[in-house]
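Chemist: Using the sequences and the hints, build the whole thing.
Going down the list, the protein sequences come from chains R and F.
Mapped onto numbering that gives the first Met the number 0, the consecutive letters of the first sequence carry residue numbers 0 to 200.
Mapped onto numbering that gives the first Met the number 0, the consecutive letters of the second sequence carry residue numbers 0 to 130.
These aren't lab readings, by the way, just hints derived from the structure by calculation.
Here the structure is a predicted model, which means the values were calculated and not measured.
Every residue gets a Cβ at the ideal spot worked out from N, C-alpha and C, and that includes glycine.
Possibly wrong hints are sitting among the right ones.
Said to hold, decoys possible - Label-pair restraints from in silico Cβ distances:
#1 R:Glu-193 with F:Leu-130: 21 to 29 Å
#2 F:Ile-119 with R:Pro-149: 46 to 54 Å
#3 F:Ser-30 with R:Asp-81: 29 to 37 Å
#4 R:Asp-161 with F:Ser-30: 41 to 49 Å
#5 R:Glu-129 with F:Ser-57: 17 to 25 Å
#6 F:Arg-26 with R:Val-12: 16 to 24 Å
Said to hold, decoys possible - Just a few of them, taken from the derived set where beta-carbon distance is under 8 Å, the chain R residues facing chain F:
#7 Glu-13
#8 Leu-17
#9 Arg-79
#10 Arg-177
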Amino acid sequence: MIFGRSERGKPPVEPVTLKILVAGGFGVGKTTLVGAVSEIKPLRTEEYLTEAGRPVDDTTGVEAKHTTTVAMDFGRITLREDLVLYLFGTPGQERFWFMWDELSEGALGAVVLADTRRLEDCFAAVDYFERRSIPFLIAVNCFEGAARYPEEDVRGALDLDDGIPVVLCDARDRRSVRDVLVGVVQHAMDFGAERRQAITT
Amino acid sequence: MSTDGQGSSHWFDDEAGPVVRPYAMTRGRTSSAVQHRLDLIALVVAEPHAEEADTDPSLSPEHVDIVDLCREAPQSVAELAAELNLPIGVVRVLVGDLVDAEFVHVNRPVPPAELPDESILRDVINGLRAL
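Modeler: Below, the structure written as structure tokens:
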């Protein structure tokens, strides 16, 4: 492991940093989710959707959403003095996917946030994380006014492997989001254990 | 949500273009001599003698801003970029300069190919549950 030159002139604490990605379609609540648990105001670059964006972004079902995240936004959770977790919202539109490779490098895992009114919006994210073997789970954001579907229906519609957890959440609620994150890390642990076993046997 | 006290004060704007072209601050350089591209969550840590940066004539005001922030507490590359309103690429170059000048060092996160240790993951879960 490469750890800088920490033995020299040791400053007080140099925490271990980890990151979890938050992906999902446009307007699904990624920024809200990050904001619900972050100890800092999510740092973001968000802009009004311009004419140029309109042919690409279909806002059916999310008409109230006026802005879209065009860069990345992130939040921070200091778990311990020496352990810091960063959450990165991935750019919502496919034309910003060039940023994903960079964001996903070294990520602990990912949350794919889904809206049952527009489940197809998260196909791309599911594909992305599957192909790169990044552990992820599906968190269904329970929007008011959206019909609730049983977990099995969501799983079927997304054609998910059995091992991939599907949870319901409220992206505005700190406790709910916390549980989602615990789920991701738990899944990453199981995923890692499986992978280690696959290598040693 | 979009007007969280930021909007109007931003000096960059897609249509107007930035007031100062970002890479002017790096004198046109888009990469630095630091061997690795710095991860967004790589931590930049001030060296003990970092206060000398304030009076170093070879550094730009942005270099000094970075050092000053890092002297308060170690900062991730992403935080520096957001705090100083600079593109990530610019921050990478400037941090590279500061590493060369030995005002800061960089603590890299767990290498991408390795999964973090299981005990760390357990610590993360416990930390989250305690929130």
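Chemist: Give a verdict on every hint.
Modeler: Results of checking the hints against the structure:
1. R:Glu-193 with F:Leu-130: 21 to 29 Å: holds (27 Å)
2. F:Ile-119 with R:Pro-149: 46 to 54 Å: With a Cβ separation near 34 Å, Ile-119 (chain F) and Pro-149 (chain R) fall outside 46 to 54 Å, so the hint is violated.
3. F:Ser-30 with R:Asp-81: 29 to 37 Å: The hint (29 to 37 Å, Cβ to Cβ) holds, given that Ser-30 (chain F) and Asp-81 (chain R) are roughly 31 Å apart.
4. R:Asp-161 with F:Ser-30: 41 to 49 Å: holds (44 Å)
5. R:Glu-129 with F:Ser-57: 17 to 25 Å: About 48 Å separates the Cβ atoms of Glu-129 (chain R) and Ser-57 (chain F), which means 17 to 25 Å is violated.
6. F:Arg-26 with R:Val-12: 16 to 24 Å: violated (34 Å)
7. Glu-13: holds (5 Å)
8. Leu-17: holds (6 Å)
9. Arg-79: holds (6 Å)
10. Arg-177: Status holds, d = 5 Å.
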